[in-house]
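**Student:** Next come the chains, spelled out residue by residue.
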Amino acid sequence: MTAILVEDLVKSYGGVRAVDGISFSVKAGEVFGMLGPNGAGKTTTTEIIEGLRSADSGRAEVFGIDVGKNSAKAKEKIGVALQTATMMPNLTSWELLDLFGSFYPKATSPDALLELLGLTEKRNARVQTLSGGQQQRLSVALALVSDPMLVFLDEPTTGLDPQARRQLWGVIEEMRTQGKTVFLTTHYMDEAERLCDRIAIVDSGKILALDTPERLIKSQFAERTIQFTPPIELDPQTFSDLPNVLRVAADGGEITLFSDAVQKSLAALLERAETRSIEIGDVHLRRPTLEDVFLKMTGRRIRE
Amino acid sequence: MNAYRKLTAAGLRAFFRDKTALFFSFFFPIFFMVMFGSLLGDHKASDTQKFPIGVVLQDSSPTLSWVPEVFKKVPMLEPHVGTLDSEKEALRNGKRRAVIVFPGDFSQKMQAGATSEVKILTEPSQQQASQIAVSIAKQVLDKMEKQMSARTPLLETKEESVTSDKPNEAKPRQIDFMIPGILAMTIMQLGIFTAIPIVNMREKGILKRYGATPLPRKTLIGSQITMRLIIAVFQTGVLLLMGVVFYQFRLVGSWLGLLGLVVIGALTFISLGAVLASIAKTQEGVMPLVQLTNLPMLFLSGMLFPSELMPAYLRPIINILPATHLAEAMRAAVNATPSPHTIAGNLGALAAWLVACLLIATRIFRWE
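Chains A and B, in that order, give the protein sequences.
Residue numbers for the first sequence follow this note's numbering, beginning at 95 and rising by one.
Residue numbers for the second sequence follow this note's numbering, beginning at 2 and rising by one.
Only chain A is shown next, with the shape it has when bound in the complex (with noise of 0.2 Å):
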C-alpha cells in the first residue's frame, strides 16, 4: 500500500521554483526521509502533501485521497508536528492535547500520549513554561493525538538536548514497530542515517537521490579508509602496496589508508606492522557517511 504518492509537483515563490518537479512514493510503513539545505524545497514540499499550501501543478496524495481535492479528509488521516512549534502559550499541556483531540473523530488520551513523550511531570504546566526541548516533543505528542497511521515531523530534533533526542528516536522506532508511516525532514545526517528506511535528498528544489542510506553512500563512495598513526613519522608510501589500498594521504602524523576492501587492508596492514616491528597506535576506520555523500553532490555542507 502506498502512504505517499507525490508527481510532478511545482510551486513557484516570485518567479523562484521552491519546488521544480518532485516524484516520490512513500510505502505504508516506511520511515521516510527528506535531507537538505535550507531553502531547498523540503517544507513547501511538505506542506503541499499535508494540505497547507496548494501546489502550482502536478499532484499529492496521503492513501489514495488527493489533497488538492479533499484536504479535510487527507488531514484526518494523518498527524503533523511543524517546525515552529509554538502553540497557546496560556494552556497547560494537557489541556492543548485535550483540544487537539476534539478535532478529530477518535483521540488517543492525552495522558497517554503526555507518557509515550516524558512530559508527564509537565502534564499541568503551561506551554509558554516550557523549555524549547520539552515544547518541541509536545508538538510530536500534538501528531501523534488522533493515533494516525502517517506522521509528519519537520525537523522534530532540532535544539534537543542529546538525552531527550535518543529519547525521541526511540518513540519514532516506536512508531516504525506500530506499522506507522514517518515522513521526517531533519539537518541531522546520523538521525537519517539510523531512523530512515530511504532518504531522499533535495536541493533547489529537486531531488538529486533517493535510495536507503546504505546504498546512497556506496554509489558515491566505493572506498573507505583505514587511519592510524605510527609513533614516528614514516613514509605514507611504506604502505601504498598493501592489498586493495587505492591510494594514501598523510596529515600530520596520521596516515589514512583508502581502501576497496577494508578486511584485507587492514589484516594486511597488521601483519606488516607485526613483521616490522612498528608499534602503531589508535587503528580506526571510517566509512563516509551521508555527510560526505551530501558534501559530494551539492558541493555544500547541510548545516552553513
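All clues stand as given, with none of them false.
Label pairs and their computed distance ranges (CB to CB):
| id | chain 1 | residue 1 | chain 2 | residue 2 | range |
| --- | --- | --- | --- | --- | --- |
| 1 | B | L293 | A | D291 | 51 to 59 Å |
| 2 | A | S106 | B | L305 | 50 to 58 Å |
| 3 | B | S255 | A | S106 | 58 to 66 Å |
| 4 | B | S255 | A | Y107 | 50 to 58 Å |
| 5 | B | I231 | A | K200 | 27 to 35 Å |
| 6 | B | W368 | A | D160 | 18 to 26 Å |
| 7 | B | L293 | A | Y107 | 27 to 35 Å |
The set of hints was computed from the structure by calculation and includes no laboratory data.
Even glycine gets a Cβ: it sits at the ideal position worked out from N, Cα and C.
Use these hints to put chain B onto chain A, whose structure you have.
**Tutor:** Quick look at chain B alone, frame taken from chain A:
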C-alpha cells in the same frame, strides 16, 4: 460541535490567564469608572464646593444679628463673621473668596428707608472663585433687599429639568452619563484589540497548526467570535455591578435591549478588529494600527467627553464613526438619554459597519 465547545472554552481559559488582556478588559475600564466616579459621583456639589466668605458688620446694633443667618442658609456659602481688619487679612491669605461689609449706619438708614452702601471686597489673584462667590452673595443681597422693601416681586424664576418629568424620580447624575460611555468604550476596545491576538496567532504559526488539522475554519472563526461575545457580556455585567454597588446606578432601559446592543456592538468591533488584523503584517505593526483606530474614536465619539466640545468641522466624521453610534445607543439603552440619531439610526449604522467590515475581512484576511 465538541471541537467548537472545547475551542471556545480553551480561548476563554487562555484569555482569563492572560494578565495583559485582563488589565485592558477589566482593570482599565474599572479604573476609568472609579476615577470619574470619585470626580462626579454621588457627592452633592455643596459638599465639595463651599465658598468661604467674610461678613463684617460695622454696625453693632443687636437688631442686625439676623444678617449672618441669611448667609448661613445658602448651601454654597460658608460665612465667617469678623472685624474688617481680620476678614481683610483672611481674604489676602486666601481663606476667604469675598468679604461683604455692611456700613455702620446700616440699621439707621434701613429704618429711615434710605439706601445703604454694602461693599463686596475681593482679591484679584483668585478671580474665578471670587466671581462665583460674589454673584452668589449679590443674589442673597438682592433677595434681602426685596424682603426689606416688601415689594411684591414682578417676576419669579423657577428651574425645572426637561428630562425628569416624574417628580419622584431622581435627577440624572453625571455618573449615569459616564457608565454607558465606559461600557461602550469597553466593548469597542475588546473588539478592536482582537486584532492583536489574531496577528499573534498568525505570526506564531498557531493558525497554521490549526490548519494542519481537519478543524473547519468556520468552527475556528465561530469559536473566536463566541468567546469574545461571552467576554463582552461578562465585562458589561461586572461594570454594571460595580456601578450598582458603588454608585447607586440604576438601569432605566431594558436588560434585554442592553444585551442585544452589547452583542451587536461587540460583533461590529470584532469584525473591525479582523480587518485591522488583515492589514497589519507583523506583531510590531498591529499595535500602532490598533491605537490609531482606538484613540480617535475614544475621543471623538462622545464616549468619555461630550462630542459637542469638538470643532464643527469634525462633525461629519463623528457622525460616521461606529463608536459614536455605539455610545449613543448605549446611553439610550442604559438610561434613556435621547439619541441625536434615533436608536434605529444608531443600530442601522452599526449594522452597516458590521456588514462592511465582514465583507472586507473575508476578502483580505490572511491565514499566514
